[in-house]
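So you can see what is in the structure, the chains are spelled out below.
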Amino acid sequence: GAVVSQHPSRVICKSGTSVKIECRSLDFQATTMFWYRQFPKQSLMLMATSNEGSKATYEQGVEKDKFLINHASLTLSTLTVTSAHPEDSSFYICSARAGGTRGGSTDTQYFGPGTRLTVL
Amino acid sequence: GQQLNQSPQSMFIQEGEDVSMNCTSSSIFNTWLWYKQDPGEGPVLLIALYKAGELTSNGRLTAQFGITRKDSFLNISASIPSDVGIYFCAARNYGGSQGNLIFGKGTKLSVKP
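Those sequence lines, one after another, are chains A and B.
Going letter by letter, the first sequence gives residues -4 to 115 in the working numbering.
Going letter by letter, the second sequence gives residues 8 to 120 in the working numbering.
Just so you know, the hints here were simulated from the structure itself, not pulled from any lab data.
Remember, predicted model here, so these are calculated numbers, not experimental data.
There's no promise every hint is true.
[Unchecked claim] Some chain B residues near chain A, calculated using beta-carbon distances under 10 Å:
1) Tyr42
2) Gln44
3) Phe95
4) Leu108
5) Leu116
6) Lys119
7) Pro120
[What the hints assert, rightly or not] For lysine to aspartate or glutamate, the following EDC-like pairs were computed, each having C-alpha atoms within a straight-line distance of at most 16 Å:
8) A:Lys9 x A:Glu54
9) A:Lys36 x B:Glu22
10) A:Lys36 x B:Asp45
11) B:Lys119 x B:Asp90
12) A:Lys50 x A:Asp60
Even glycine gets a Cβ: it sits at the ideal position worked out from N, Cα and C.
Let the sequences and hints guide you as you build the complete structure.
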């Protein structure tokens, strides 16, 4: 299957700092990438949809000024958590849409390995 | 909004036993996907289903896209210790925001050697 990487896998930062997480599709081009947040023992919560060359679409309740998303190329999307606070500590997972036409009948999402963010 | 009801929430089984889990919804979907997530890792795609009634296998895993398009099941035969993890169903429709995946709450599988 398609491979998606995330960097870093783990980050610890001080409150008030900003953290950037990268998501790359390694062997395919992804016009659409997604950012999820997952709390312990919970399912994945979609934060935003990132479209190459255009603004991200944020889910209700997700602050776009706090979670900045940039999808600068067909293989890279970044999520920047600005002015991080302890409540932002979580497991952040990206996914990339591959195959078929965008939103079409046979495209599939492949997930990155996740980034564990801890804000002290 | 659209929701997926995944059951059971957790299962404790003996190695070698078969496992069955399912997802249901009151909404119709065009695609069903099953993922497995190990602790501290991202979900890994197991099986993708694109047609109502479709039955697809991947090794010891078998999944079916319900004929009503409102449900799907995943079976694991002859379970082994490495099957341990959380299994998520996911579903979506085509196009725009409808193309975003909706996830079930997961089934946590524990296997006793």
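Comparing the hints with the structure gives:
1. This hint holds: B:Tyr42 has a C-beta 7 Å from the nearest C-beta of chain A, less than the 10 Å allowed.
2. At about 8 Å, the closest approach between the beta carbon of B:Gln44 and any beta carbon in chain A falls short of 10 Å, and the interface hint on this residue holds.
3. With a least beta-carbon distance of about 7 Å to chain A, the hint placing B:Phe95 at the interface is held under the 10 Å criterion.
4. Look at B:Leu108: its Cβ gets to within about 6 Å of chain A, closer than 10 Å, so that hint holds up.
5. Checking B:Leu116 against chain A by beta carbon gives a least distance of about 14 Å; that is not within 10 Å, so the hint is violated.
6. Proximity of B:Lys119 to chain A is violated relative to the hint, the smallest CB-CB distance being about 21 Å (cut-off 10 Å).
7. With 10 Å as the threshold, the beta carbon of B:Pro120 stays out of range of chain A, its nearest partner Cβ sitting at about 24 Å, so the hint is violated.
8. Between A:Lys9 and A:Glu54 the CA atoms are separated by roughly 26 Å; this puts the pair beyond 16 Å, and the hint is violated.
9. Proposed proximity of A:Lys36 and B:Glu22 is contradicted: the alpha carbons are some 24 Å apart, above 16 Å.
10. At most 16 Å may separate the alpha-carbon atoms for a hinted pair to count; A:Lys36 and B:Asp45 meet this at roughly 12 Å.
11. Simply put, B:Lys119 and B:Asp90 have alpha-carbon atoms about 11 Å apart, close enough for the 16 Å limit, and the pair holds.
12. Using a Cα cut-off of 16 Å, the hinted pair A:Lys50 and A:Asp60 holds, with the two alpha carbons roughly 12 Å apart.
Of the numbered hints given earlier, the model fails hints 5, 6, 7, 8 and 9; all others are met.
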